[in-house]
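A.B. asks: Please work from the sequences and hints to get the whole structure.
Line order of the protein sequences matches chains A and B.
So in our numbering, spot 140 of the first sequence is number 140, and the numbers just go up one at a time.
So in our numbering, spot 233 of the second sequence is number 233, and the numbers just go up one at a time.
Think of the hints as simulated: they come from the structure by calculation, not from any bench.
Cβ coordinates follow ideal geometry from the N, Cα and C atoms, glycine included.
It cannot be assumed that every hint is accurate.
[Claimed, not checked] Derived, one-sided and incomplete: chain B residues facing chain A with beta-carbon distance under 10 angstroms:
no.: 1; residue: 22
no.: 2; residue: 23
no.: 3; residue: 62
no.: 4; residue: 66
no.: 5; residue: 68
no.: 6; residue: 76
no.: 7; residue: 85
no.: 8; residue: 86
no.: 9; residue: 92
no.: 10; residue: 96
no.: 11; residue: 99
2 protein chains.
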Amino acid sequence: MSDPSTRPPLTREEFIDWVRREGESRYHDHHRYHHLMHDGKLTRLQLQQWVLNRYYYQTRVPIKDALILAKSEDPAFRRMWIRRIRDHDGDAAGEGGLELWLRLAEGVGLDREEVASCRSVLPGVRFACDGYVHLIRERSLLEAVASSLTEFFSPDLMTRRVLAWERHYPWIDKDTLDYFRTRPPRARQDSLEAIDFVTARATTYELQERCVAALIRKTEILWHLLDSLYTAYVEPGWGPGGARA
Amino acid sequence: MSDPSTRPPLTREEFIDWVRREGESRYHDHHRYHHLMHDGKLTRLQLQQWVLNRYYYQTRVPIKDALILAKSEDPAFRRMWIRRIRDHDGDAAGEGGLELWLRLAEGVGLDREEVASCRSVLPGVRFACDGYVHLIRERSLLEAVASSLTEFFSPDLMTRRVLAWERHYPWIDKDTLDYFRTRPPRARQDSLEAIDFVTARATTYELQERCVAALIRKTEILWHLLDSLYTAYVEPGWGPGGARA
Chain A
1 MSDPSTRPPL TREEFIDWVR REGESRYHDH HRYHHLMHDG KLTRLQLQQW
51 VLNRYYYQTR VPIKDALILA KSEDPAFRRM WIRRIRDHDG DAAGEGGLEL
101 WLRLAEGVGL DREEVASCRS VLPGVRFACD GYVHLIRERS LLEAVASSLT
151 EFFSPDLMTR RVLAWERHYP WIDKDTLDYF RTRPPRARQD SLEAIDFVTA
201 RATTYELQER CVAALIRKTE ILWHLLDSLY TAYVEPGWGP GGARA
Chain B
1 MSDPSTRPPL TREEFIDWVR REGESRYHDH HRYHHLMHDG KLTRLQLQQW
51 VLNRYYYQTR VPIKDALILA KSEDPAFRRM WIRRIRDHDG DAAGEGGLEL
101 WLRLAEGVGL DREEVASCRS VLPGVRFACD GYVHLIRERS LLEAVASSLT
151 EFFSPDLMTR RVLAWERHYP WIDKDTLDYF RTRPPRARQD SLEAIDFVTA
201 RATTYELQER CVAALIRKTE ILWHLLDSLY TAYVEPGWGP GGARA
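C.D. replies: Structure below.
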């Protein structure tokens, strides 16, 4: 292993290639919970619990984005990034991604208030999502932005998800799938802005390596969310409450 | 002194009265640097240095507001507070309070890039402004919002400032005073929102006391900014570079 501090930086194309390779291979669309979901093999409870637990992740997103805003000294960057917070919170009550997620929760038959309270979130999901906020709080602006590059891979997943849900889970109210319909173009724009930012500023091999490490950590967070769901609701016995026979 | 943890909370009116009393008496409009400024007694250099150093404070504002956003779990609060960041950064290049401040800097004869770089900011000003960001990062959401209540007192000061500058400093380009013209109505709205938030949530005497303490710390930050300017540019000799004869 050569010393990363003396190694010349990768070209933009090589670097993007590395990001794509690590991100794609570790992205949570490969998780067995997602395989079951997209193959129509989740029970109603298992799908509901995914929606409920993932809502906690959604609530962390505007918080981590505000922390990213606070790391930047550049009004132009902040003008670009603030849109992410507005996308999630909306500009008025009843708008925005968090609201759409709560409607999705109602669409799969959950109680809106129960989901919004986050009181039934699995401990492992909470640890992973809080770990995401800590990661963003502690790392550099560059690494924080790099960790968001998972969005590079999300539009396809969301598009496939709508199709799979419409096909396999006819009991879901189709009108409530708007979150997955509205997000892909935004996620695409967000990830292009982020990749431009990251490639322009990761000017040494060491910085490029740190960006990839932050992205890998982020994929671990998303993966762990599904691990926790799997352990609790697909193979229970080792879930919250300890080992059960 | 009675134990604040057992003392009943003040009524809303008593609490606002306390906030107003502490804030008003400690607000930096009483500082001798402001007296000199408003009496037309600052030299061109002294006025310029106020603009240059205060710009560093301005740049901390959207950062501390983003930290406040990140502390809130409530999309409705965030929708209200995010407006402050947009007010400072603008929605497009060439807009917003930071840009207006740089035009003000040009209006008093400063080099825009020199001011924007923040490289000539006095150490004491930097410590105080960074201290503001640290305060916001470390304290609760309630205390962070309470520290912003100095805005309660700012509209009058800004209105008086425009009149004083137009009268006493004819060499300043009047078209560049827009910051002080546009801020008062926004500051008024911001402070009303903040006082509603603080009075609704400071439900114990102990919390009320912590809010007042945060506000007092904030007045110390604004005051220290002017102390540093006074020491460096009105009574030099103890300014940066150490004691001089």
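A.B. asks: State for each hint whether it applies.
C.D. replies: Status of each hint after checking the structure:
no.: 1; hint: 22; result: 27 angstroms, violated
no.: 2; hint: 23; result: 25 angstroms, violated
no.: 3; hint: 62; result: 6 angstroms, holds
no.: 4; hint: 66; result: 4 angstroms, holds
no.: 5; hint: 68; result: 8 angstroms, holds
no.: 6; hint: 76; result: 6 angstroms, holds
no.: 7; hint: 85; result: 6 angstroms, holds
no.: 8; hint: 86; result: 7 angstroms, holds
no.: 9; hint: 92; result: 7 angstroms, holds
no.: 10; hint: 96; result: 7 angstroms, holds
no.: 11; hint: 99; result: 8 angstroms, holds
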